[in-house]
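Using the sequences and the hints, build the whole thing.
Protein chains in written order, with the numbering used here: chain A, 1 to 211; chain B, 212 to 422.
Treat the hints with caution; some may be incorrect.
As the list claims (entries may be wrong) - Cross-link-like lysine-lysine pairs, in silico, BS3-like; alpha carbons within 27 Å at most:
no., chain 1, residue 1, chain 2, residue 2
1, A, K64, B, K253
2, A, K66, A, K135
3, B, K247, B, K277
4, B, K353, B, K277
5, B, K406, A, K26
6, A, K202, B, K364
7, B, K253, A, K36
8, A, K135, B, K247
9, A, K195, B, K346
10, B, K406, A, K141
11, B, K413, A, K153
These are calculated hints, taken from the structure and not from any lab test.
Protein chains: 2
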Amino acid sequence: MPDQSYTDMADKTKNEDNLNTEEKFKEAARVVFTRKGYAATKTRDIALEAGSNLALLNYYFRSKEKLFEIVMLEKITQLFSHLGPTLNDPETTLEEKIERIADNYLDMLLENQDLPLFVLSEIRNNPEGFGKHIKVGTILKKSILVQQLAERKPDIHPIQLFLAFIGMLVFPFIAKPVLQASGAINEVAFDQMMKDRRQLVKDWMKLLISN
Amino acid sequence: MPDQSYTDMADKTKNEDNLNTEEKFKEAARVVFTRKGYAATKTRDIALEAGSNLALLNYYFRSKEKLFEIVMLEKITQLFSHLGPTLNDPETTLEEKIERIADNYLDMLLENQDLPLFVLSEIRNNPEGFGKHIKVGTILKKSILVQQLAERKPDIHPIQLFLAFIGMLVFPFIAKPVLQASGAINEVAFDQMMKDRRQLVKDWMKLLISN
DNA sequence: AGCATATTTAATCAAATGATTAAATATGCT
DNA sequence: AGCATATTTAATCATTTGATTAAATATGCT
Numbered sequence: 001m002p003d004q005s006y007t008d009m010a011d012k013t014k015n016e017d018n019l020n021t022e023e024k025f026k027e028a029a030r031v032v033f034t035r036k037g038y039a040a041t042k043t044r045d046i047a048l049e050a051g052s053n054l055a056l057l058n059y060y061f062r063s064k065e066k067l068f069e070i071v072m073l074e075k076i077t078q079l080f081s082h083l084g085p086t087l088n089d090p091e092t093t094l095e096e097k098i099e100r101i102a103d104n105y106l107d108m109l110l111e112n113q114d115l116p117l118f119v120l121s122e123i124r125n126n127p128e129g130f131g132k133h134i135k136v137g138t139i140l141k142k143s144i145l146v147q148q149l150a151e152r153k154p155d156i157h158p159i160q161l162f163l164a165f166i167g168m169l170v171f172p173f174i175a176k177p178v179l180q181a182s183g184a185i186n187e188v189a190f191d192q193m194m195k196d197r198r199q200l201v202k203d204w205m206k207l208l209i210s211n
Numbered sequence: 212m213p214d215q216s217y218t219d220m221a222d223k224t225k226n227e228d229n230l231n232t233e234e235k236f237k238e239a240a241r242v243v244f245t246r247k248g249y250a251a252t253k254t255r256d257i258a259l260e261a262g263s264n265l266a267l268l269n270y271y272f273r274s275k276e277k278l279f280e281i282v283m284l285e286k287i288t289q290l291f292s293h294l295g296p297t298l299n300d301p302e303t304t305l306e307e308k309i310e311r312i313a314d315n316y317l318d319m320l321l322e323n324q325d326l327p328l329f330v331l332s333e334i335r336n337n338p339e340g341f342g343k344h345i346k347v348g349t350i351l352k353k354s355i356l357v358q359q360l361a362e363r364k365p366d367i368h369p370i371q372l373f374l375a376f377i378g379m380l381v382f383p384f385i386a387k388p389v390l391q392a393s394g395a396i397n398e399v400a401f402d403q404m405m406k407d408r409r410q411l412v413k414d415w416m417k418l419l420i421s422n
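The structure is reproduced here in structure tokens:
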């Protein structure tokens, strides 16, 4: 009666090779999907990037779409989850929130430079599959940051200021491919610019909310 | 081959049906490419949208890629050409340039709301095919606007301010799919917000370049 | 009308692509 | 070793997709 051994038995195999292999596929999928987008990505490209083959991809993930959903959920989380806690921290002032978001979010973006354009493009291409995952809408509208902005600048819709803020941080990464392709800036100069930008954005935002 | 002898013969046919048909294809291509991106667009979708069929598309444009290049060149021009003249007008002050760009560019964006995300995505997906078309790099770096920014704020790299400015205008349209899909804002409210934003961006930018 | 040319249609091709299958191999357990 | 199960591979399928072809139709000119 090998019933019990069903479960534990192959754990070794799984924990050694499977997780590695499955993780290799996920990592390959992250790379290829992020670089080329869902539609332009071929499952064979992912298998190749993973140093494996096509059947195995389907064995682990059933389909291209399932694998994509896993990656996409990660990426969406990565792009938005950093904001939540700071956005709703009741302990910090408006100025402190600006400082923290500028610091933390810029750090994250510098480590994931093509994340914003990837996520925003894919959401545009498939808005339906997005609403379920993240409830940015309510989180944002009811956030303490938005309340604080509304109090500080009652004549300006808080979303306006919020978009200015996030845009100052994120937009350069969206525009980066154009800046590079057009020879306006190179990789190194861009990174330096974004590091300089940290303090600039803080100063600018404080200026915008001052009276 | 459509390029054969354009000269005498079927001018009537061409000027009535051909131009209409060719334009119908281009318009269909604009719609479908812009909505779904190059990779996710099927030539059959374009033919259907054009109320025609596949062979005709290839008869007129030779290939999906050729048709895409036509559309893409249009879109790139649309997105960037509006900036050039104002950017380099030697007659206007910095403040006037800010006013004009905010006015003109925002008008254009309101009429072409998915233009930025489409163009920026496609350039990311194929940066090589872009450099030739537009020389944004040199135009920008040598522009009078950038000179004026450097004079006004010598301690800040002018590109920083330029990106803040353009980002304030463009970023909301990039973020729009997310805002909508997450229920943060609806179509009507978004349009109203962008109309309100015109004056805000002008004020903000003047604030950023003041001493 | 009749010819030459342009345009359109239906049918088909070849390659690419996502997915599956069946057989082979590896692994851990008793 | 021998079994049960997990993993991997090679071959193949069915569909999609970009593109072509050849025949049919329309149009303007003389």
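Hints, one by one, checked against the model:
1. Pair hint K64/A plus K253/B holds up; C-alpha atoms about 19 Å apart against a cutoff of 27 Å.
2. Distance hint between K66/A and K135/A is fulfilled; the C-alpha atoms sit about 21 Å from each other, no more than 27 Å.
3. Proximity of K247/B to K277/B is assessed by CA-CA distance (about 17 Å); at most 27 Å being required, the pair is judged to hold.
4. Between K353/B and K277/B the CA atoms are separated by roughly 32 Å; this puts the pair beyond 27 Å, and the hint is violated.
5. A threshold of 27 Å between alpha carbons decides the hint, and for K406/B with K26/A the separation of about 43 Å lies outside it, so the pair is violated.
6. For the hint linking K202/A to K364/B, the alpha-carbon distance of about 17 Å falls within 27 Å, and the restraint holds.
7. Of the supplied pair hints, the one linking K253/B and K36/A holds, its CA atoms being roughly 17 Å apart against a limit of 27 Å.
8. Between K135/A and K247/B the CA atoms are separated by roughly 24 Å; this keeps the pair inside 27 Å, and the hint holds.
9. With a CA separation close to 26 Å, the supplied pair K195/A and K346/B stays within the 27 Å bound.
10. For the proposed pair K406/B and K141/A, the alpha carbon gap of about 20 Å is at most 27 Å, so the pair holds.
11. As the CA atoms of K413/B and K153/A are separated by approximately 17 Å, the hinted pair is consistent with the 27 Å bound.
Hint check: violations occur at hints 4 and 5; the rest are consistent with the structure.
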